[in-house]
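> Once you have looked at the hints, place chain H on chain G.
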Amino acid sequence: MKLSPRRLREFVIERLIFLSGIASIVFVLLIFVFLLREGVSVLKTASLGEFLGGHLWYPISAPPRLGILPLILGSLLVTAGAVVIAVPLGIAAAFYIAEVAPKRLRPVLKSFVEVLSAIPSVVLGFIGITILVPFLKSLLNLPTGLTAFSGSLMLAFMALPTIITISEDAINAVPREYRDGALALGATHWQTLRRVIIHGALPGIIAAAMLGIGRVFGETMAVMMVTGNAAVIPHSLFEPVRTLTATIAAEMGEAAKGSPHYFALFAVGIVLFIISFAINLTADLLLNRGRKK
Amino acid sequence: MERKEARVPVWKTLAAFLAAGSLAFSAVSCGGKRAGSGGAAALQIKGSDTMVNLGQAWAEAYNKLHPEINVAVTGGGSGTGIAAILNGTCDIAESSRDLEEKEIQQAEEAGTVVHETIVALDGIVVVVHPSNPVSALTMDQLREIFMGNVKRWSAFGGENRPIVLLSREVNSGTHIFFKEHVLRRGKSKGPEEFAPAALMMPSSYAIAEETARNENAIGYYGLGYISPRQKVLSVSRDDRSPAVPPKIETVRSGAYPISRPLYFFTRGGPSGTVKDILDFVLSPEGQEIVRATDFVPIR
Chain G
1 MKLSPRRLRE
11 FVIERLIFLS
21 GIASIVFVLL
31 IFVFLLREGV
41 SVLKTASLGE
51 FLGGHLWYPI
61 SAPPRLGILP
71 LILGSLLVTA
81 GAVVIAVPLG
91 IAAAFYIAEV
101 APKRLRPVLK
111 SFVEVLSAIP
121 SVVLGFIGIT
131 ILVPFLKSLL
141 NLPTGLTAFS
151 GSLMLAFMAL
161 PTIITISEDA
171 INAVPREYRD
181 GALALGATHW
191 QTLRRVIIHG
201 ALPGIIAAAM
211 LGIGRVFGET
221 MAVMMVTGNA
231 AVIPHSLFEP
241 VRTLTATIAA
251 EMGEAAKGSP
261 HYFALFAVGI
271 VLFIISFAIN
281 LTADLLLNRG
291 RKK
Chain H
1 MERKEARVPV
11 WKTLAAFLAA
21 GSLAFSAVSC
31 GGKRAGSGGA
41 AALQIKGSDT
51 MVNLGQAWAE
61 AYNKLHPEIN
71 VAVTGGGSGT
81 GIAAILNGTC
91 DIAESSRDLE
101 EKEIQQAEEA
111 GTVVHETIVA
121 LDGIVVVVHP
131 SNPVSALTMD
141 QLREIFMGNV
151 KRWSAFGGEN
161 RPIVLLSREV
171 NSGTHIFFKE
181 HVLRRGKSKG
191 PEEFAPAALM
201 MPSSYAIAEE
211 TARNENAIGY
221 YGLGYISPRQ
231 KVLSVSRDDR
241 SPAVPPKIET
251 VRSGAYPISR
261 PLYFFTRGGP
271 SGTVKDILDF
281 VLSPEGQEIV
291 RATDFVPIR
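Going line by line, the protein sequences match chains G and H.
Numbered by my numbering, the letters in the first sequence go through residues 1 to 293 in order.
Numbered by my numbering, the letters in the second sequence go through residues 1 to 299 in order.
Since the hints were made in silico from the structure, they are not lab data.
In this text, all values refer to a predicted model and were calculated from it rather than measured experimentally.
Where hints are given, some of them may not hold.
Said to hold, decoys possible - Here are the simulated BS3-like cross-link-like pairs (lysine-lysine), alpha carbons at most 30 Å apart as the crow flies:
1. 189(H) / 102(H)
2. 44(G) / 187(H)
3. 189(H) / 275(H)
4. 231(H) / 275(H)
5. 231(H) / 151(H)
6. 247(H) / 231(H)
7. 231(H) / 64(H)
8. 64(H) / 102(H)
9. 102(H) / 44(G)
10. 151(H) / 247(H)
11. 257(G) / 247(H)
12. 257(G) / 275(H)
13. 102(H) / 187(H)
14. 187(H) / 247(H)
15. 44(G) / 257(G)
16. 189(H) / 44(G)
17. 102(H) / 247(H)
18. 257(G) / 102(H)
19. 257(G) / 187(H)
20. 151(H) / 102(H)
This is chain G alone, in the form it adopts within the complex (with noise of 0.2 Å):
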């Protein structure tokens, strides 16, 4: 069968723009693959309930101790505080932009939103390691300021973008009828927003809140860095705590490969898959469910 060179250069095209487009399910799948592949033989050197419960992380050790409970806690500590401070900031800047401020101060206050997506973590960590841990430490008379709530308030930082942008597109993509219809019947602008206007937009804003969580969970140098990487279970968020990401992120370079050690790490990676793989689906779900409606 021979082509014309016009429909050569269409058929060439469209496959291309195939591969694109397969290219991240086939890279995701791969990923995948390639760490259970190397994470599960950690079960050699530990069961299943001493690597996700045990206390002790000494993985270099002869023999070593292989439990991440410790990781897994602070991680979620971490993730949690920084959820608690960043989501309701988040969602009422996302209001004030695009309901209350100003038509000019609107394109002003968006794009400062996205130089603030724009700073890489490591120099957050470092403003939080000079500033920010000295200053908590010294505020609230803890042992040192490398704590949990350092790293929390840095990731609310880093979540911030994230959730302020896509509650705002969330509100902004409810139908203008329903505020239009709101006011006609007498309801104040304070009125239609909490009544009318959050409703239509919350599984928007909830899955804003759900990536900007994925986001927060994923994040590792700079919760490195004022963290204090402590692998000790945590009781409050005014301890030091040690990260899933960070110890995937400061051990990797030495683990000598085939070692228990090595294979530990990417088991500590098909976790980190695993739990942000359910946040970022709630999240899509979510946003689904909201569409649809």
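Chain H only, in chain G's frame:
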């Protein structure tokens, strides 16, 4: 009003994992163009964070003598450098510890011989906040502190404050040296570990920074990081020995109890440019750079 696309696909986040994964891997290699024997272009030195400044000072001085050869020096930790020399992705590995058994095994499996040269000596200093009244500790006291058995400064005549332990991460040669030399009393294997509550700091800089700002802190790092912002402790071998401050003379004489050799590892016997650099490093001029960067010259 036009509806904006608010959806960020799951895949986007997952693709970020790929990036993270590839970063983690590139950390083990130091890549780049390598110089064959006598070839021009770039030569890679990688490894110990303790030795990065020293390595860079050597590289700069060497580059002045041989402008045609560029030497790139990067850190990452001794283990990272050794992994890179075993993978063949760098020319010289800087290391603040000797090879481990498993690394010798890996080299054998790969069919290479790793050649070691001691290029300088380093003392590990124990530092506290300048306001801390404690000024000398014994090796046993250090052991008790870093294992978490003694938790308050008052036990050593200090104020009634909690002790905040600062340690390096496990990828640091300094971490391993301190554990084996102080906690395990010179044995490479043993049950002794840093207290789980010890803060694992990503760099010597981070330890220096936290020690300078936190009156509860105690940390350790190489002699080269000493600054007036921290107080350096004198250390005695046992109850009967005198407390010795870490200095070039006390490290070289062996009177200061926590010191170690610093190594260059190369693949096989050094030849060509690599040998030339080694000769330079060991020359009086190279050893003067050792002194200038606050390490201890070998001769």
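> Taking the hints in turn, state whether each one holds.
Results for each hint:
no.: 1; hint: 189(H) / 102(H); verdict: holds (14 Å)
no.: 2; hint: 44(G) / 187(H); verdict: holds (27 Å)
no.: 3; hint: 189(H) / 275(H); verdict: violated (34 Å)
no.: 4; hint: 231(H) / 275(H); verdict: violated (39 Å)
no.: 5; hint: 231(H) / 151(H); verdict: holds (19 Å)
no.: 6; hint: 247(H) / 231(H); verdict: holds (14 Å)
no.: 7; hint: 231(H) / 64(H); verdict: violated (36 Å)
no.: 8; hint: 64(H) / 102(H); verdict: violated (38 Å)
no.: 9; hint: 102(H) / 44(G); verdict: holds (18 Å)
no.: 10; hint: 151(H) / 247(H); verdict: holds (28 Å)
no.: 11; hint: 257(G) / 247(H); verdict: violated (38 Å)
no.: 12; hint: 257(G) / 275(H); verdict: holds (29 Å)
no.: 13; hint: 102(H) / 187(H); verdict: holds (17 Å)
no.: 14; hint: 187(H) / 247(H); verdict: holds (25 Å)
no.: 15; hint: 44(G) / 257(G); verdict: holds (15 Å)
no.: 16; hint: 189(H) / 44(G); verdict: holds (22 Å)
no.: 17; hint: 102(H) / 247(H); verdict: violated (34 Å)
no.: 18; hint: 257(G) / 102(H); verdict: holds (10 Å)
no.: 19; hint: 257(G) / 187(H); verdict: holds (24 Å)
no.: 20; hint: 151(H) / 102(H); verdict: violated (35 Å)
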